[in-house]
Amino acid sequence: MALMQVSNMQQEVWDSIGDFDASNRSVDATTLLRVLNKCYSHIKGFEDNRVYYVPANVSGASIAPQVGSLWVTLTEKTYRNILECYPAQNNAATTPFGPSLEWMEQWELFNMQNEDNTDRQIFGSAWTAWRQGATPSSGNVGKFNFAVWPVSSVVHDYLLGVLREVTALVNQTDIPDGSEEDHHYVCDMTSLIMGRWMGRSEEWLGDIRARLPEQLLTATHQLAKDIGLVKPRPGQEAA
Amino acid sequence: MSTLLDGVREVRYRLRDRNPQGFAFSTPEVVHELQANLRIVAAKLLLGEEHVAGLVTTQPDVQAYVLPGSQLYAQLQYLKNEEDGFLVTIVSQVAFEAIQAGDSVVRPASGLPQFAMIRENASQQTEIVFWTTPDKAYVFDGYRSLLPASFFNAGTGVLTNLPQNTNIPFDDQGFEAWVCATAVELYNRMPAVDRARLKIADTAAGDWGARAADLIASSRRRRIFQKISSGGNRGGRRW
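Sequences listed follow chains A and B, in order. What the first sequence shows, in my numbering, is residues 1 to 239, in sequence order. What the second sequence shows, in my numbering, is residues 1 to 239, in sequence order.
Hints were generated in silico from the structure; no laboratory data involved. Built from N, CA and C at the ideal position, the CB exists for glycine as well. It cannot be assumed that every hint is accurate.
Cβ-Cβ distance ranges computed for the label pairs, FRET-style [claimed, not checked]:
| id | chain 1 | residue 1 | chain 2 | residue 2 | range |
| --- | --- | --- | --- | --- | --- |
| 1 | B | A201 | A | T167 | 41 to 49 Å |
| 2 | B | G206 | A | R196 | 58 to 66 Å |
| 3 | A | Q121 | B | Q35 | 42 to 50 Å |
| 4 | A | Q66 | B | G54 | 23 to 31 Å |
| 5 | B | G69 | A | N114 | 47 to 55 Å |
| 6 | B | Q35 | A | T167 | 26 to 34 Å |
| 7 | B | N81 | A | W107 | 42 to 50 Å |
| 8 | B | T57 | A | V155 | 35 to 43 Å |
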């Protein structure tokens, strides 16, 4: 067994729903990939615990916070959540340059920037991030704002540990970012949907359903968020 | 010598509040709590003394002088005339006024000061008052103990120094007592949900208060032994 590529997953679904005729599929590869992606995104929403480290020149987390210019808006729009923040030696670094910064709620960090606005000219020791609001058409939907304290008139780079939004599977060789177990769950969730669409019997579908844990069946109808390496922070709602 | 940074770390270890991604108490909260307890513990300890050359330089016909330094004086033990090496006797305010009684207020006796008293003015500056009123410039050396400086600049929340550069003028026992006392206070403020999250027992803080008192007693005992030691054959420890 191994991590599966898209081609393996499609084959597993076809086998599972009994769609064996390669020259005349009931469920064509394009449709199947679309549903696989849907289930993949649900699994990621439910299971995602893989922190991706983004260098500052990608995330935009290079900042010289001062009163009047307290935060930066990050450039990428693909973060589900930001979990960690480290000082970085330069804006391309993908490994930490020091111990992680302390998380602060936005209000507390702003309070501290206001209370202690000494220009320390060193890396921040506390950080915060929050969603930037945007109008639906603005192209800024999904961006985060990012701030640190103490303030510094010198630009410093920060390495962010993020959970990313799901990148859709496209090519036959793409591998979903999850465990092998997750891959089978994606296939079984897809099979349940496509099997019903094909008109397979309830007994048949019952066999597929039996392979999925109860909570995953429930989660199929939800978009579970914020399940990561850390517990929900104070003030943050659990998924 | 330990620093404020050490204090923050020790408190966090006691509370198991060590995950910077989800602190129960942010560092500014811990620092403010440490500062509050610093006042309490410092007043109970026998703090270190320092000899200050030229602590006071008198002027002709000026009786009272503000002692230098921005910290509160815990004690002024000796005052020595640099010129002849004799001590000025520091007496209580009642005794001082008794000595001074009968001296003309408009034309006070002046000469080489024999006695002095200590008083604190309404701005919490420590003043020294001489009798007789100095008739010329005399330079006095002093032995003093100072209470610890505030971590913050007066009137703002700005940390005067970075935590790693803020020395705590306590001995080891005093430092531990300070940490224990602070940890008790923070523990008592911690809601049950945080205690459960940090996996810290409900009984964890039970001993810390008593331990703080014990440590303060140990510290004082050590300092008293140190102060009364005289070479080894009359009480005290051999040094």
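Problem set entry | Cβ distance range 47 to 55 Å for G69 of chain B and N114 of chain A, holds or violated | violated (30 Å)
For this session: Hint says 41 to 49 Å; check whether the CB-CB distance for A201 of chain B and T167 of chain A agrees.
Result: holds (44 Å)
Exercise. Has the hinted range 42 to 50 Å been met by the Cβ atoms of Q121 of chain A and Q35 of chain B?
Worked result: violated (24 Å)
Exercise. Is 58 to 66 Å a correct range for the gap between the Cβ atoms of G206 of chain B and R196 of chain A?
Worked result: The hint (58 to 66 Å, Cβ to Cβ) holds, given that G206 of chain B and R196 of chain A are roughly 60 Å apart.
For this session: Hint says 23 to 31 Å; check whether the CB-CB distance for Q66 of chain A and G54 of chain B agrees.
Result: Once the Cβ atoms are compared, 42 Å apart, the range 23 to 31 Å for G54 of chain B and Q66 of chain A is violated.
For this session: Return holds or violated for the Cβ distance of Q35 of chain B and T167 of chain A against the range 26 to 34 Å.
Result: At roughly 48 Å between Cβ atoms, T167 of chain A and Q35 of chain B fall outside 26 to 34 Å, so the hint is violated.
For this session: Go ahead and decide if the range 35 to 43 Å is satisfied by the Cβ distance of T57 of chain B to V155 of chain A.
Result: violated (49 Å)
Exercise. Taking 42 to 50 Å as the hint, is the beta-carbon distance of N81 of chain B and W107 of chain A inside that range?
Worked result: violated (58 Å)
Violated hints, in rising order: 3, 4, 5, 6, 7 and 8; the structure is consistent with all others.
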